[in-house]
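S.K.: Residue strings, one per chain:
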Amino acid sequence: MSESKPKKKFSRRKFIIRSAVGVGVLLGTGYVTRPVWRRSLAEMANSAEAPYLGDTESPLLWFEVSAENQVVLYSPKVEMGQGTFTGLAQIAADELEVDINKIKVVHAPTASGNIDGMSTGGSTSISSLWQPLRELAATMREMLKNEAARIMETDAAALTVKEGVVSGNGQTLTYGEIAKQVKEWNIPDTPPLKDVKSYKFIGKPIPRVDLADKVAGASIFGMDAAMPDMLYGAVARPSSIGAKYVSADTSRAEKMPGVVKVVREKDFVGVVARSRMEAENAKNAIIVTWDTGKNWQSEDIEEMIRVGKGEPYVIQKAGRAKRILDNEEEVFTAEYKSPVGAHAQLEPNGAVAYVEGDKATVIISTQVVNITRNEVAERLGLEKENVNIIPAYLGGGFGRRLHTPNAMQAAVLSKAVGKPVKCFFNRQEEFQNDTFRPPTHHVLRAKLGAGGLIKAIEHNVSSGDVMYGSPMVPALAEPILGADVGAWRGGMIQYRKIPNYRAVSWRVKLPFATSWWRSLGLLANTFAIESFMDELAIKAGKDPVQFRLDQIQEDEAGYRLKEVIRAAAQKAGWRDGAHNGRAMGFAASTDANTPCAHVVEVSVEDGEIRVHKVTCAIDPGFAVNPDQVRAQCEGCIIMGLSAAMFEKMTVKDGQLTPTIYGPYKMALMKHAPKEIDVVILENADAPGAVGEPPLGPIGAAIANAVFRITGQRLREMPLQLA
Amino acid sequence: MKISFYINGNAHSIEADGNTPLLWVIRDVLDLKGTKFGCGKAACGACTIHVDGEAVRSCSYSAKFAEGKNITTIEGLSAGDSLHPVQQAWIEEVVPQCGYCQPGFMMATAALLEKIPNPTDQDIDDNIVNICRCGTYYRMRKAIHRAAEIKNANI
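Residue numbers (the numbering used here), protein chains in the order written: chain D, -14 to 707; chain G, 68 to 222.
Treat each hint with caution, since some may be false.
Cross-link-like lysine-lysine pairs, in silico, DSS-like; alpha carbons within 27 Å at most [to be verified]:
#1 D/650 <-> G/69
#2 D/189 <-> G/131
#3 G/131 <-> D/655
#4 G/218 <-> D/637
#5 D/598 <-> G/69
#6 D/659 <-> G/218
#7 D/655 <-> G/69
#8 G/131 <-> D/240
#9 G/108 <-> D/556
#10 G/218 <-> D/655
#11 G/131 <-> D/650
#12 G/69 <-> D/659
#13 D/556 <-> D/307
#14 G/69 <-> D/240
#15 G/131 <-> D/659
The following label-pair restraints were derived from C-beta to C-beta distances [said to hold, decoys possible]:
#16 D/482 <-> G/181: 55 to 61 Å
#17 G/149 <-> D/667: 50 to 56 Å
#18 D/203 <-> G/181: 22 to 28 Å
#19 D/370 <-> G/96: 46 to 52 Å
These stretches of chain G come out as covered by chain D in the derived footprint (C-beta under 8 Å, 3 or more residues) [stated by the list, open to error]:
#20 132 to 140
#21 185 to 192
Please keep in mind that the hints were generated in silico from the structure rather than gathered at the bench.
The beta-carbon is built from N, C-alpha and C at its ideal position, and this holds for glycine as well.
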């Protein structure tokens, strides 16, 4: 059942050329706003590998060899659970030629100079550092070897390196002993990298490097950070959509116990006190006047998020889908919806900041270290080199920490009192001031043709913004791209053997902040498209797995997609229809070049949907750590299941609600599948995205299974039986 | 007011507003940061500790009620150098991702195993009701069963 395999070679050169082409296209032509250019840019954004935007040439920014023979790896990528620290340690250990236990990975503070220009997000940490970090580690190894040669007064070529020890000429030196004797390092040309097959750590299921500390409760998260003589801050935050700060009556707050200072700024009011509780109580005593706009209700939002309203952008087009679907008979149409979703990460946002004269230090859970630094510097009028952002472990990221105005607020409070200040959101503020996953509405149209295959198909998605409005995205992108790339992520038709297909993204600006939520538009778009594919397969009287396989094109992406579809179906023992009260559901998606397919096994008990088992096949290209690839698949499946079955924010009388776990229903232990079987395929030469792609198919797979048991086609998330 | 209690086997006396949630005393006064703040309303379980052996959500437990009690936090879960069976199982199954909610889950699990040494899946579903956003429930369930095995083998 395997086909010949058109394997693509990945190289760093290609990353650079691709991103250079992107920039060239953006800057070099006046035609970019024409639809055809937009579409090709959209295609590029959909498939291009993300380059790493930080140092890739200075091993000394990345590594520190201690006299105790430990290697410290300063990671510019943050650890938010996705296992990046472990993957980076594996990558470095093999080329450095040290045992992985000798490597300690820490977050690089911005003062170290090792700064990621972009973010930790988009499932790009391992893929974008795969080549640069191996080169940096190999160069560091050569530097140590060269210094050993100098110390031993011999030729470097005569020396061998094994497990952190350089030997030759009858002498041995550990890395630690070498490093002690180096005053100035010389950086040689990048040596050739080792053969991938020779790696001892890369490709192996190494336990997480942060495992022991996390199990001991010893890892320091942003909220655990402290500084000597620290005070506690609290900032008054609005509970209403669109509320702007006008003024505040702080007379009562100023007299509250423990209050050190009430701080009034042009755009917010806060308080600094001796303890967190005192700060919270004083904040609650501030009477704030907000300029609240319209008294928004959920119906208003639903009315806005509707295909046909807002600005349409054609993001994908082949053949004459629109003409066929507008004019021919027997066109099948279906609509799908998804709600506003909250990040609900367990660690609230906040920061510990200390501003001393013209310098500032901020300890924070952030996914955008560089932007956090620049925002603090700008707000306080400091040189950005004088602002040191020290990332701490993130108690969940999921995109929530791509916006960090809380760093500025903590810094402003610190400056006002001249002491370190720790300032955190409470849970209600966290829910009401989230940067939500936008709600969506989808209209799909298709016509079946000869042999029960699709003749023409069209996906329309209406969504709030994801990437626009973020400091990460240049203002230039908006007029050029038009459609919000994040909103339509996963919105293209991946069955490209279909002769006529088209995808349209309708952009809507919502009155509250919407942004990145793990996998962006992928979950909702895949829910719509893959539910619709299932409906079409049933209409055509075909097996839904074969129906998909028959309509995938013959190229590298198509080959990899077909392989995961076959692997998932085979491993799960796929069979269509309901059997003994259980049924399987199938769905697949491709995200950031990583194809993934899920088979779920579902029953309905006491009117509730129960997901018993999920079989997942994924092709991340190459798995640096197969166990952590598995962990990411399991996590995506459970988080996606939670969003697909339970989660929903509503708008009532101008407020987003609920504001606490429980009423914001999420998957608990009892809802998680008892079996998750992950099959990892590796049909490329380099690691690709893992942290988000497995979220794609889960909603549709569950809905497709539910249809087979109940006959109810659930076209809206969260899935609710009639 | 003055409040005296044992925490992880050591006697402590602190001066605090009796209505302060015990969580903040543990974190900010005693500087034990393994017990986490998630919601402040006993809805997520990130702050779970043991008070006289019972699992308690410390964000909603006033400090004054700790008077004379034996309190255990994640830092005191293991005795001496040997890991608690729950921690050992968590390591074997490589459970944590971000790790923020994990101390709460481990404390809830340790309390469960004292009451039900061999929990069924149903027991786990009924008793382990904390929230994990990374979605580690699947590995946690395996780890809970494994912890029961280790604990029973040690007796």
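S.K.: So, for every hint listed, does it hold in this structure?
M.R.: Okay, the hints, checked on the actual structure:
{"no.": "1", "hint": "D/650 <-> G/69", "verdict": "violated, 39 Å"}
{"no.": "2", "hint": "D/189 <-> G/131", "verdict": "violated, 51 Å"}
{"no.": "3", "hint": "G/131 <-> D/655", "verdict": "violated, 34 Å"}
{"no.": "4", "hint": "G/218 <-> D/637", "verdict": "violated, 50 Å"}
{"no.": "5", "hint": "D/598 <-> G/69", "verdict": "violated, 53 Å"}
{"no.": "6", "hint": "D/659 <-> G/218", "verdict": "holds, 22 Å"}
{"no.": "7", "hint": "D/655 <-> G/69", "verdict": "violated, 41 Å"}
{"no.": "8", "hint": "G/131 <-> D/240", "verdict": "holds, 25 Å"}
{"no.": "9", "hint": "G/108 <-> D/556", "verdict": "violated, 43 Å"}
{"no.": "10", "hint": "G/218 <-> D/655", "verdict": "holds, 23 Å"}
{"no.": "11", "hint": "G/131 <-> D/650", "verdict": "violated, 32 Å"}
{"no.": "12", "hint": "G/69 <-> D/659", "verdict": "violated, 47 Å"}
{"no.": "13", "hint": "D/556 <-> D/307", "verdict": "violated, 38 Å"}
{"no.": "14", "hint": "G/69 <-> D/240", "verdict": "holds, 24 Å"}
{"no.": "15", "hint": "G/131 <-> D/659", "verdict": "violated, 41 Å"}
{"no.": "16", "hint": "D/482 <-> G/181: 55 to 61 Å", "verdict": "holds, 59 Å"}
{"no.": "17", "hint": "G/149 <-> D/667: 50 to 56 Å", "verdict": "violated, 39 Å"}
{"no.": "18", "hint": "D/203 <-> G/181: 22 to 28 Å", "verdict": "holds, 24 Å"}
{"no.": "19", "hint": "D/370 <-> G/96: 46 to 52 Å", "verdict": "violated, 37 Å"}
{"no.": "20", "hint": "132 to 140", "verdict": "violated (count 1)"}
{"no.": "21", "hint": "185 to 192", "verdict": "holds (count 3)"}
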